[in-house]
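Peer 1: Using the sequences and the hints, build the whole thing.
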Amino acid sequence: MDNTKEKNNYKDDLLLRMGLNDNKAGMEGLDKEKINKIIMDATKGSRFYGNELKKEKQVNQRIANMMQQKAQITNQQLRKAQLQVDRFAMELERNRNLNNTIVHVDMDAFYAAVEMRDNPELRDKPIAVGSMSMLATSNYHARRFGVRAALPGFIAKRLCPQLIIVPPNFDKYRAVSKEVKEILAEYDPNFMAVSLDEAYLNITQHLEERQDWPEDKRRYFSKTGNSVKIGEPGEEADKLNEDEGSISPLLFEDSPPDLQPEGNPSLLNSKEQSNLQILQNSVVFGTSAEEVVKEIRFRIEQKTTLTASAGIAPNTMLAKVCSDKNKPNGQYQILPSRKAVMDFIKDLPIRKVSGIGKVTEKMLMALGIVTCTELYQQRALLSLLFSETSWHYFLHIALGLGSTDLARTFSEMFRTEEQYSLCQELCTELARDLQKEGLKGRTVTIKLKNVNFEVKTRASTVPSTLSTTEEIFAVAKELLRAEINAASPHPLRLRLMGVRMSTFSNEDDKKHQQRSIIGFLQAGHQALSSPGCVLDKTDKTEFVKPLEMSLKKSFFDKKRSERILSHQDAPRCETVDQQAVQTSQPFQALKKMTESLETSKNSNNCQTFTCPVCFREQEGISLEAFNEHVDACLDEPSTSENSYSHASSAAIGQKEDAHHSIPLCEKQDYEDAEITSADGVDLLETEVISLKAASMDTLGSNHSKEECSDIPNQSCPVSLANETVRILSKQESIQPCTDEVVTGRALVCPVCNLEQKTSDLTLFNVHVDICLNKGIIQELRNNEVNSANQPKGSSRSTGEHTIMKRNAARGGDRPAVLARLA
DNA sequence: GCGGATCAC
DNA sequence: TATGGTGATCCGC
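210 is the number that my numbering gives to position 210 of the first sequence; each next residue is one higher, with no gaps.
Source of the hints: derived by calculation from the structure; they are not laboratory data. The structure displayed is predicted, hence computed values, not measured ones. Keep in mind that a hint or two might mislead.
[Stated by the list, open to error] Distance condition first, Cα-Cα at most 20 Å in a straight line; then the derived EDC-like pairs of lysine to aspartate or glutamate:
(1) Lys346 with Glu361
(2) Lys440 with Glu471
(3) Lys346 with Asp324
(4) Lys325 with Glu471
(5) Lys339 with Glu182
(6) Lys362 with Glu56
(7) Lys157 with Asp41
(8) Lys303 with Glu291
(9) Lys436 with Glu425
(10) Lys358 with Asp347
(11) Lys44 with Glu56
(12) Lys303 with Glu374
(13) Lys477 with Glu418
(14) Lys456 with Glu418
(15) Lys172 with Glu182
(16) Lys70 with Glu361
(17) Lys358 with Glu52
(18) Lys358 with Glu374
(19) Lys303 with Glu186
(20) Lys178 with Asp118
(21) Lys217 with Glu186
(22) Lys70 with Glu388
(23) Lys125 with Asp31
(24) Lys54 with Glu33
(25) Lys178 with Asp188
(26) Lys303 with Glu182
(27) Lys157 with Glu121
(28) Lys44 with Glu33
(29) Lys346 with Glu374
(30) Lys157 with Asp31
(31) Lys325 with Asp343
(32) Lys339 with Glu91
(33) Lys157 with Asp124
(34) Lys217 with Glu182
(35) Lys436 with Glu471
(36) Lys181 with Glu291
(37) Lys303 with Asp171
(38) Lys325 with Asp347
(39) Lys477 with Glu425
(40) Lys456 with Glu478
Peer 2: Set out below in structure tokens:
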């Protein structure tokens, strides 16, 4: 039922995006066939259309390439991938954070609404803001005719001849936007504006404080009884504004809304005015998140006469989807439990997620993926077809995960001395990090965000390598000076500054490749044995210096390594005053999340884990130890076959591939056979790096002096590690309170048929997944042994050998689509 | 490092 | 008549 509804929504969404509109019969406007025909008539034969066709062809080609690649994936590759992906998913699950209340506020048809507000003649007419070439937005009246944002005005006119196209007044929108932001700032001084009409808030802290507030502090006055429809305080409903859309007079009805008196309603909050009339029009908002958001929307409407929609969820990705759910003039909340999140995600079309656009949707559709559930089901395949960045991103979506912390900004900084001094400070931080890593780079990039949230990056590459504060600052200062001069005579009003180093020498690259923390994450601790060392030992047919090893690696592997490097470059050697976490930049956000995951994973602090295989609690062990335990559990019944499998791949010199595929069985062998004391050193260094990634986050968000009180020693990895653990344990203690725990019912694994000693559905599901894989691999290995015993001998391993070789060989000219999402 | 592709507003 | 402008990221070359 819900499913059907969602899919219909999706269809409507698609139609809407295509310029079609599902119009209610009998209403004024056009039906979708008519709209479609008019748009096609106006489009066909144009240069624009030709280009659209060309682009479509390219996408189709990419899809064809992808399908070809898919056809060549072996079952075994898929199973290996499944294990790897599930391991990652398990880590993500463990680090799921439901403790934040994130709100996404989105003004309804913003530009059009402002124009209607300020010009009564427009109120009962279909209008759009933009030009004959392009429309920025339209009111809901015009949308009935298929007139929407990103439609050329001249086509819109054909759809709706009476359409009034108003040229945009950005200054006015900015002013209104400022009014809205002033309200938002009261709930989260660090809210993140995405654009003039959209912002994210983290109201977690506000909620905490609000619990003690007296009613009067939560009371607001409405001057007109019916212009502001707001649910009764305390009303319990996820979806409180189901039909509120139709009562938004400004946007929906031809009749104009009641005019609201001038003045700031909150100023009326004085005792003299508490006459009956006003009391009748007063409203007290509760202390829940839902009430807070109602209050925010109420205040926005009172102040601007404009309505806003909002979404409330545990992370930005979900909040954004939510704000769209009851648009316009509505709100929707996903409660902070895993079950609530997963229920919401279940049938959610991936296209609804910010970051999944037309092309990605089409590519995934070709794989049979439309909903988040399907995205989850195909996770192993996706990890083989898409870049690591991409499939990590997909997995986050499929699990309903997203960013929980918004960017923090320092208060405005406009004095040049301050700016130079901050820049120097950042250079010092950067130099310290670089020197710790023994890195030298040649490109210095500064990143500036001004008070209007505009971000600029300016880079300069110099001939010689840099590593000291003085050297870096000399370059950074010039970049900053240029920007200050460009703004002159006005001061540069900054909210953010960052300094980044890149273009490292090859030796530096190599060093870092050996200590890749992403590799560490992917492969469990297998990455501890650096690829160079392992290859040196195993591959005796060629004499390769460690430094050149990256050249010898397969294309696929190399590309991955490079990606890993480039991933690490920025966060590791960037010192920035604000986290660049924006949901409109999903990959960036993901990177952040992965880093924080690294931190917790690699921290050597001990916790209690429950093994998803045996379900025994592993008390007081590190994550590495826990991973080892899981591996041991997985390998338990078939260790001899593991070494068989390992030998077959090692014998053909394909260890570098194994490095990425990380079949668990091989990993064990690496540990037994290959880890040396040198690798132990790597382990330590890996930890330092990952902790630094976290410290960078913390530094980044707390660099403004007044905000760093909660982190006593910014540069001390140990304190940060403790911080991480503290957060983690807080989460864990909350876990049992969520409704994901099924009580009083035994869970029996459908694969191994054994009753499982857990009531945690998440763990149980992980167990089933693992069990499933294990069973299949077991079966496969039995076959391997059998075939190996046959006269034709090592047919299986030979077969595998040739397959792998073919893959490796193909790697060199692997079609672009294989390694990338876009 | 640059340009193309993708995505968002 | 006529299908934006900008900024960000990822990726391949």
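Peer 1: All hints, please: hold or fail.
Peer 2: Results for each hint:
For the proposed pair Lys346 and Glu361, the alpha carbon gap of about 17 Å is at most 20 Å, so the pair holds. For the suggested pair Lys440 and Glu471, the alpha carbons sit about 11 Å apart, so the restraint of at most 20 Å is met. About 17 Å separates the Cα atoms of Lys346 and Asp324, which keeps this hinted pair within 20 Å; it holds. Between Lys325 and Glu471, the direct Cα distance comes to roughly 52 Å. Violation of the 20 Å bound is thereby established for this hinted pair.
At roughly 35 Å between alpha-carbon atoms, Lys339 and Glu182 are farther apart than 20 Å, so this suggested pair is violated. With a C-alpha separation of about 10 Å, the suggested pair Lys362 and Glu56 falls inside the 20 Å cut-off, and the hint holds. For the proposed pair Lys157 and Asp41, the alpha carbon gap of about 13 Å is at most 20 Å, so the pair holds. With a C-alpha separation of about 18 Å, the suggested pairing of Lys303 with Glu291 holds against the 20 Å cut-off.
In summary, the hint linking Lys436 to Glu425 is supported, as the alpha carbons are separated by about 17 Å, within the 20 Å threshold. Note on Lys358 and Asp347: the hinted pairing holds, with a Cα-Cα distance of about 18 Å set against a maximum of 20 Å. At roughly 15 Å between alpha-carbon atoms, Lys44 and Glu56 fall within 20 Å of each other, so this suggested pair holds. A C-alpha spacing of about 43 Å is found between Lys303 and Glu374, which places the hinted pair above 20 Å, so the restraint is violated.
Distance check on the hinted pair: Lys477 and Glu418 sit about 12 Å apart at the alpha-carbon level, within 20 Å; holds. Restraint check: the Cα-Cα separation between Lys456 and Glu418 comes to about 19 Å, which is no more than 20 Å; the hinted pair holds. Between Lys172 and Glu182, the direct Cα distance comes to roughly 16 Å. Compliance with the 20 Å bound is thereby established for this hinted pair. Among the hinted pairs, Lys70 with Glu361 is consistent with the structure: their alpha-carbon atoms are about 17 Å apart, no more than 20 Å.
This hinted pair checks out: Lys358 and Glu52 have alpha carbons roughly 13 Å apart, not beyond 20 Å. Between Lys358 and Glu374 the CA atoms are separated by roughly 17 Å; this keeps the pair inside 20 Å, and the hint holds. A C-alpha spacing of about 14 Å is found between Lys303 and Glu186, which places the hinted pair at or below 20 Å, so the restraint holds. Between Lys178 and Asp118, the direct Cα distance comes to roughly 17 Å. Compliance with the 20 Å bound is thereby established for this hinted pair.
For the proposed pair Lys217 and Glu186, the alpha carbon gap of about 13 Å is at most 20 Å, so the pair holds. Straight-line distance between C-alpha atoms of Lys70 and Glu388 comes to about 16 Å, which keeps the hinted pair within the 20 Å bound. The straight-line distance between the Cα atoms of Lys125 and Asp31 is roughly 19 Å, inside the 20 Å bound, and the hint therefore holds. Restraint check for Lys54 and Glu33: not satisfied, since their Cα atoms lie roughly 25 Å apart, outside the 20 Å limit.
With a C-alpha separation of about 15 Å, the suggested pairing of Lys178 with Asp188 holds against the 20 Å cut-off. A threshold of 20 Å between alpha carbons decides the hint, and for Lys303 with Glu182 the separation of about 10 Å falls inside it, so the pair holds. A threshold of 20 Å between alpha carbons decides the hint, and for Lys157 with Glu121 the separation of about 19 Å falls inside it, so the pair holds. The straight-line distance between the Cα atoms of Lys44 and Glu33 is roughly 16 Å, inside the 20 Å bound, and the hint therefore holds.
As the CA atoms of Lys346 and Glu374 are separated by approximately 9 Å, the hinted pair is consistent with the 20 Å bound. The straight-line distance between the Cα atoms of Lys157 and Asp31 is roughly 16 Å, inside the 20 Å bound, and the hint therefore holds. With a CA separation close to 15 Å, the supplied pair Lys325 and Asp343 stays within the 20 Å bound. Restraint check for Lys339 and Glu91: satisfied, since their Cα atoms lie roughly 18 Å apart, inside the 20 Å limit.
Between the alpha carbons of Lys157 and Asp124 the distance comes to roughly 17 Å, so the proposed pair stays at or under 20 Å and holds. For the proposed pair Lys217 and Glu182, the alpha carbon gap of about 17 Å is at most 20 Å, so the pair holds. Our distance criterion of 20 Å between C-alpha atoms is met by Lys436 and Glu471, whose separation comes to about 16 Å. Proximity of Lys181 to Glu291 is assessed by CA-CA distance (about 19 Å); at most 20 Å being required, the pair is judged to hold.
Proposed proximity of Lys303 and Asp171 is supported: the alpha carbons are some 18 Å apart, at most 20 Å. Proposed proximity of Lys325 and Asp347 is supported: the alpha carbons are some 13 Å apart, at most 20 Å. A hinted pair counts as satisfied when its Cα atoms are at most 20 Å apart, and Lys477 with Glu425 qualifies at roughly 11 Å. Restraint check for Lys456 and Glu478: the C-alpha separation of about 15 Å stays at or below 20 Å, so the hint holds.
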